[in-house]
Amino acid sequence: MKRNIYQPLEARVEEIIAETPTIKTFVLKPKFDFSFQTGQFIELTVPGAGEAPFTPSSDPGVKDKIDVTIMKVGRVTSYIHAIKEGMVLGIRGPFGQGYPLDKFKNKDVLIVGGGVGLAPLRSLLLSLFSDIDNYNKVVLRYGARTPVDIVYKDALPQWQKKKKVDILTTVDVGDATWKGHVGLVTTILKDLPVDLKKAVSIVCGPPIMMKFVTLKLLDLGFKPVDIYLSMEKSMSCGLGKCGHCRIGRYYACKDGPVFTFEQLKDIRDIWD
Amino acid sequence: MDTLFLKSEDFFKFLDRISLDYELYVPCKINTTAKVKCDFGFSLPAEDYFLEKYTQLNEESIIFNEYRSIEPARTYFTPCKEEVSQYFCEDKKAKERPLAVYGIKNCDIFSLKIQDWVFLGPDVVDQQYKERRQSALIISGDCTAFKEACFCRAFDINPFVEEGFDFNLSPLNNGFLVDIATQKAKDIADSIKEVFSPATAGQLSGRASKRELVVRRLEEHLAQHKIPKKETLKDIVTSGYSSKIWQEQMKTCVECGGCVFMCDTCHCFLLSDEPVGENARRLRLWDGCLFKNFTLVAGGANPLKMRYMRLRNRYLKKFDFFIDNMGIQACCGCGRCIDVCPGKIDIRYILRRLYEEKYIPAA
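Keeping their order, the protein sequence lines are chains B and W.
Note that my numbering numbers the first sequence so that position 161 is 217, with each residue one more than the last.
Note that my numbering numbers the second sequence so that position 177 is 180, with each residue one more than the last.
A couple of the hints might just be wrong.
No more than 16 Å apart at the CA atoms, straight line, and that leaves these computed lysine to aspartate or glutamate pairs for EDC-like [stated by the list, open to error]:
1) W:K133 / W:D119
2) W:K247 / W:E359
3) B:K159 / B:D187
4) B:K219 / B:D189
5) W:K320 / B:D325
6) W:K56 / W:E99
7) B:K310 / W:D126
8) W:K308 / B:D325
9) W:K295 / B:D328
10) W:K84 / W:E74
11) W:K308 / B:D189
12) W:K16 / W:E63
13) B:K87 / W:E93
14) B:K193 / B:D123
15) W:K96 / W:E85
16) W:K187 / W:D24
17) B:K140 / B:D123
18) W:K32 / W:D5
Derived list of chain B stretches under chain W, where covered just means 3 residues or more per stretch with a C-beta under 8 Å from a C-beta of chain W [as the list claims (entries may be wrong)]:
19) 129-142
20) 232-242
Just so you know, the hints here were simulated from the structure itself, not pulled from any lab data.
The C-beta atom is built at its ideal place from N, Cα and C for all residues, glycine as well.
Here chain B stands alone, though its shape is the one from the complex (with noise of 0.2 Å):
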């Protein structure tokens, strides 16, 4: 019997970390072989409520076990919000094309995040992190809302104390604890200590934030090619059949998510 393409199959709900108010982490165990590479994603199953398209936020390197960084802000969101640890979701995939590290090799590489952005990047700075002497160096440039929306708010000093590791921080608006920078990540892009001629940037978040992120990479000189973008949209296969996530000839779940401004740049209204 060949596999049945629309099958979630089993993982259960090991751990749940709180991430800020409307973000939690997931730590699932799959009952089944599973493997991803960084920037593919997974679609999510609530067992009788639905599926959603998310990003595994942990090291691909890890295999028993995936990490997935989930906000509450939709139908199938607030169901896994509402899950305990130790019951048991779907899961399919992995689907669609991931960062492709190769062409990262040697490279400056700089990764901007806005808000829950940062979980598929998460998997990446891993990725990166495991391997770190094939990369010249790692800078993130990351932007929250406010101090409070911020994720992984422990592992940010950790990773900042690495070697070859370069982070700033931002938020929109601050608070009295916030003493870090204040204003849009399109702030914190000034100066930054990569060397154009052999750098690669990475941009993940929401799409008005993408779009500012990019127009300023290209302003800084950036090349289309060098640009790589995290696509949200609407989906529900992940498989290239289901028509909902279609962005010009392209799918964001086949041939994405991840694809290169070079690719989008003909398309209109690609941030809408």
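Once you have looked at the hints, place chain W on chain B.
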């Protein structure tokens, strides 16, 4: 390919033989209230055909459909609502009887190419579709007339079938010429040899002239509509991106989804889960890009929030995406979307306007 002659009085022996091995669907005529909107004085037929299970019909109501049925052929391979998976357990679906569909026309055969591309590949195979499609028996037929909305010839698609079937029926005098294209059709024909006789040269040339006549009449009719050639489609829909036609034509859209659900080439669907006792099951439901939630994401962003954007998206999918990825347009000219639309939105008119806006500048 063998071509045999089947006398009218033996027709039901042929169908009976097929229904022994297959779940056979056959055309019957239904009365609809739909009126022909405009036929330029051609007095075209307005009846419609519907395919029903053979076993549920009496012989009088089974006919040869002169043109395509109301429902698209994909209905038989990906029904509008069906269970596609259970959870966390072996799929235990009963084995289906193979399908035989009589009444398929060339527009449907063209469109099944699109459905095959979607569900059989390019990389991932929908097993349920594959099994159904491979085991099915396609009994196509020549169109001996056409509806007002039919426009297959505008895209160089013939109103008769030359490939993609098992049996093809061409009505002739007191019977049918039957083309036998595949081994499974040949096996069936061999098992009821007595009802067939070899086709004569006269019968074959008679069929050729009947086919020519339908093509000629259809082309005369289509000349009135001035539908652009298929080679221009990609160009006119992409360069017409900012055309006012999208907004203008969507004024009468009531978002019923008829155009996408009756479309022969549309394939979009939504996976939807529902609990069943302790367990749950997954359904595949037809979805359509004319609905406002089609591209809505959690959080509220919607790239196709206005109706005109959704209409334009549909044309870009059919004439840009599919031509880019598959090399053919996802439109067979069956005109079902025209017949079904309560808002009288007409794909022929929209394509003509897009063409004229690009190539015939206003005086």
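Quick rundown of the hints versus the structure:
Annotation: proposed proximity of K133 (chain W) to D119 (chain W) holds, straight-line Cα distance about 8 Å (limit 16 Å). Restraint check: the Cα-Cα separation between K247 (chain W) and E359 (chain W) comes to about 13 Å, which is no more than 16 Å; the hinted pair holds. Only pairs whose Cα atoms come within 16 Å are accepted, and K159 (chain B) paired with D187 (chain B) is accepted, the gap being roughly 14 Å. Restraint check for K219 (chain B) and D189 (chain B): satisfied, since their Cα atoms lie roughly 10 Å apart, inside the 16 Å limit.
Restraint check for K320 (chain W) and D325 (chain B): satisfied, since their Cα atoms lie roughly 15 Å apart, inside the 16 Å limit. A hinted pair counts as satisfied when its Cα atoms are at most 16 Å apart, and K56 (chain W) with E99 (chain W) qualifies at roughly 15 Å. At roughly 9 Å between alpha-carbon atoms, K310 (chain B) and D126 (chain W) fall within 16 Å of each other, so this suggested pair holds. At roughly 12 Å between alpha-carbon atoms, K308 (chain W) and D325 (chain B) fall within 16 Å of each other, so this suggested pair holds.
Proposed proximity of K295 (chain W) and D328 (chain B) is supported: the alpha carbons are some 14 Å apart, at most 16 Å. The straight-line distance between the Cα atoms of K84 (chain W) and E74 (chain W) is roughly 15 Å, inside the 16 Å bound, and the hint therefore holds. For the hint linking K308 (chain W) to D189 (chain B), the alpha-carbon distance of about 47 Å lies beyond 16 Å, and the restraint is violated. For the suggested pair K16 (chain W) and E63 (chain W), the alpha carbons sit about 14 Å apart, so the restraint of at most 16 Å is met.
Note on K87 (chain B) and E93 (chain W): the hinted pairing holds, with a Cα-Cα distance of about 15 Å set against a maximum of 16 Å. Of the supplied pair hints, the one linking K193 (chain B) and D123 (chain B) is violated, its CA atoms being roughly 25 Å apart against a limit of 16 Å. Taking the CA atoms of K96 (chain W) and E85 (chain W), the gap is near 12 Å; set against the 16 Å cutoff, the hint holds. Annotation: proposed proximity of K187 (chain W) to D24 (chain W) holds, straight-line Cα distance about 11 Å (limit 16 Å).
Pair hint K140 (chain B) plus D123 (chain B) holds up; C-alpha atoms about 15 Å apart against a cutoff of 16 Å. With a C-alpha separation of about 30 Å, the suggested pairing of K32 (chain W) with D5 (chain W) is violated against the 16 Å cut-off. Here's how the stretch 129-142 of chain B fares: 5 of its residues keep a CB closer than 8 Å to some CB of chain W, so the rule of at least three is met and the hint holds. For the stretch 232-242 of chain B, the stated coverage by chain W is violated: 0 residues have a C-beta nearer than 8 Å to a C-beta of that chain, whereas at least 3 were required.
Of the numbered hints listed earlier, those contradicted by the structure are 11, 14, 18, 20.
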